[in-house]
Amino acid sequence: MCLAVPAKILEIHGRKAKVDFGGVYREVDISLVNARAGDYVIVHAGYAIEVLDRATAEETLKLWEEILSQ
Amino acid sequence: MFRLEDRKIADRIVEKLKKMELQITIMHVCGTHQDTLVRHGLDILLENVGVDVRQGPGCPVCVTTPAEIEEALWLARHGKTVAVFGDMARVPSKTGSLLQAKAEGCDVRVVYSIDDAIKLAEKGKEVVFIGIGFETTAPSTAAALMSAKNENFSVLSCHRTVPPALEALIKMGETKLQGLIEPGHVSTIIGIEPYKKLAAEFKIPQVIAGFEPLDLLMGVYLLAEMIKNGESDVKNEYSRVVRPEGNPRAREAMKEVFVTIDVKWRGFPVIPRSGLEIGERYAQFNARKKYEHILEEVHSQEFEEPEGCRCAEVLRGLCQPVECPFFGTACRPEHPVGPCMVSFEGGCAIEWNYRGRKGGNG
Numbered sequence: 001m002c003l004a005v006p007a008k009i010l011e012i013h014g015r016k017a018k019v020d021f022g023g024v025y026r027e028v029d030i031s032l033v034n035a036r037a038g039d040y041v042i043v044h045a046g047y048a049i050e051v052l053d054r055a056t057a058e059e060t061l062k063l064w065e066e067i068l069s070q
Numbered sequence: 001m002f003r004l005e006d007r008k009i010a011d012r013i014v015e016k017l018k019k020m021e022l023q024i025t026i027m028h029v030c031g032t033h034q035d036t037l038v039r040h041g042l043d044i045l046l047e048n049v050g051v052d053v054r055q056g057p058g059c060p061v062c063v064t065t066p067a068e069i070e071e072a073l074w075l076a077r078h079g080k081t082v083a084v085f086g087d088m089a090r091v092p093s094k095t096g097s098l099l100q101a102k103a104e105g106c107d108v109r110v111v112y113s114i115d116d117a118i119k120l121a122e123k124g125k126e127v128v129f130i131g132i133g134f135e136t137t138a139p140s141t142a143a144a145l146m147s148a149k150n151e152n153f154s155v156l157s158c159h160r161t162v163p164p165a166l167e168a169l170i171k172m173g174e175t176k177l178q179g180l181i182e183p184g185h186v187s188t189i190i191g192i193e194p195y196k197k198l199a200a201e202f203k204i205p206q207v208i209a210g211f212e213p214l215d216l217l218m219g220v221y222l223l224a225e226m227i228k229n230g231e232s233d234v235k236n237e238y239s240r241v242v243r244p245e246g247n248p249r250a251r252e253a254m255k256e257v258f259v260t261i262d263v264k265w266r267g268f269p270v271i272p273r274s275g276l277e278i279g280e281r282y283a284q285f286n287a288r289k290k291y292e293h294i295l296e297e298v299h300s301q302e303f304e305e306p307e308g309c310r311c312a313e314v315l316r317g318l319c320q321p322v323e324c325p326f327f328g329t330a331c332r333p334e335h336p337v338g339p340c341m342v343s344f345e346g347g348c349a350i351e352w353n354y355r356g357r358k359g360g361n362g
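Residue numbers (the numbering used here), protein chains in the order written: chain Y, 1 to 70; chain P, 1 to 362.
Just chain Y, with the same shape it has in the complex (with noise of 0.2 Å):
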């Protein structure tokens, strides 16, 4: 069930948006989490439950970088 796939969110409707996994598109709620479109999240059973943060995303590499330079 930890499908580690982000889908990004393309329309919102109430409690529900459009997202797309990677060109598989499905229905998900987003009442549990703040998005907006645009935004990537970790989607569970149907439910959004976190936003990914892109700005660390980006980082990630170069702060390994500088663990693994030590």
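Among the clues, some could well be false.
[To be verified] When the alpha-carbon atoms are kept at most 25 Å apart in a straight line, the in silico BS3-like pairs for lysine-lysine are as follows:
1. Y:K62 - P:K255
2. P:K119 - Y:K16
3. P:K123 - Y:K62
4. P:K119 - Y:K18
5. Y:K16 - P:K123
6. P:K19 - Y:K62
What the hints contain is simulated information worked out from the structure, not anything from laboratory work. Owing to the predicted nature of the structure, the values given are computational and were not obtained by experimental measurement.
For this one, chain Y is given, so just place chain P on it according to the hints.
Here is chain P on its own, set in the frame of chain Y:
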């Protein structure tokens, strides 16, 4: 989008681990971590540099007890429409599996989400959703019940929470664990605090890790460093998704709908305060209350785990799937003996799917 599979970085991490001259045993508690470890051969890579990674009770389907499966079967055989996640339907119990019940003519539906089950109820049938999963899935059950209005809909809650199981594992002390890799998506909900408590009480270092191969390698590296330095802190490797405070809105929903109960896990004795049952305010949706008269008979019986099946030990990190005499012979995905061979998060199914045909007993 974020495919963290760079081989060069992986080689550098492994090289660093090798230089540390480790001889450590750590555990993770997530089926998807096990999938990443085995799919990419990271478990072997890590073993070669002195890191023994055990899989704990991280598969929600696997830790669901035979008694809970019997409850679902009883409801199906009493004419209720039982809506369930796919892999749960195939777990065998004393009187069969839900899929077998479907073949007998019972109305068993495989659903992707609790919302699909509510849609089924809107057609008028008595629908029972089997709520399986840890803190990742429990908030969706809670959120759905907070807005559900259907009188013909209920939930058989088999939801459980991870931190009490970690505490139980540490206290049981069967394996001398020097560190824990914590599950990324459970952590998106609960945040860092519950792990800090464990670290303070049991002096055990922990790293929250994501699910890409490099997430896990980096997680193991950060953990190995803490073990080597004698630190017992909590580090968050998966900060692109896990916030230190977790997801308070999801926790509020869980608090609103569920009460914490003591519950048995497959492979474990009763773990205090590790189960989530539907609370009084939402009692109308609690299948155990609504169908007490049907479930009485199940509740008066004991249901043992299948004889000879070593899932219990696999779930406590004491036994590798290939060490079970049934692995690949009596027990295969098409005719499983225990749940670890059914669920795509189960250690045995993962071993069989990626390596069984080549390296296992099959």
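Hints, verified against the model:
1. Using a Cα cut-off of 25 Å, the hinted pair K62 (chain Y) and K255 (chain P) is violated, with the two alpha carbons roughly 38 Å apart.
2. For the hint pairing K119 (chain P) with K16 (chain Y), the CA-to-CA distance comes to about 14 Å; that is within 25 Å, so the pair holds.
3. Of the pairs offered as hints, the one joining K123 (chain P) and K62 (chain Y) is violated, with about 52 Å between alpha carbons and a cut-off of 25 Å exceeded.
4. Proximity of K119 (chain P) to K18 (chain Y) is assessed by CA-CA distance (about 18 Å); at most 25 Å being required, the pair is judged to hold.
5. Straight-line distance between C-alpha atoms of K16 (chain Y) and K123 (chain P) comes to about 21 Å, which keeps the hinted pair within the 25 Å bound.
6. For the given pair, K19 (chain P) sits about 23 Å from K62 (chain Y) by alpha-carbon distance, which is consistent with the 25 Å threshold.
When each numbered hint is compared with the structure, violations occur for hints 1, 3.
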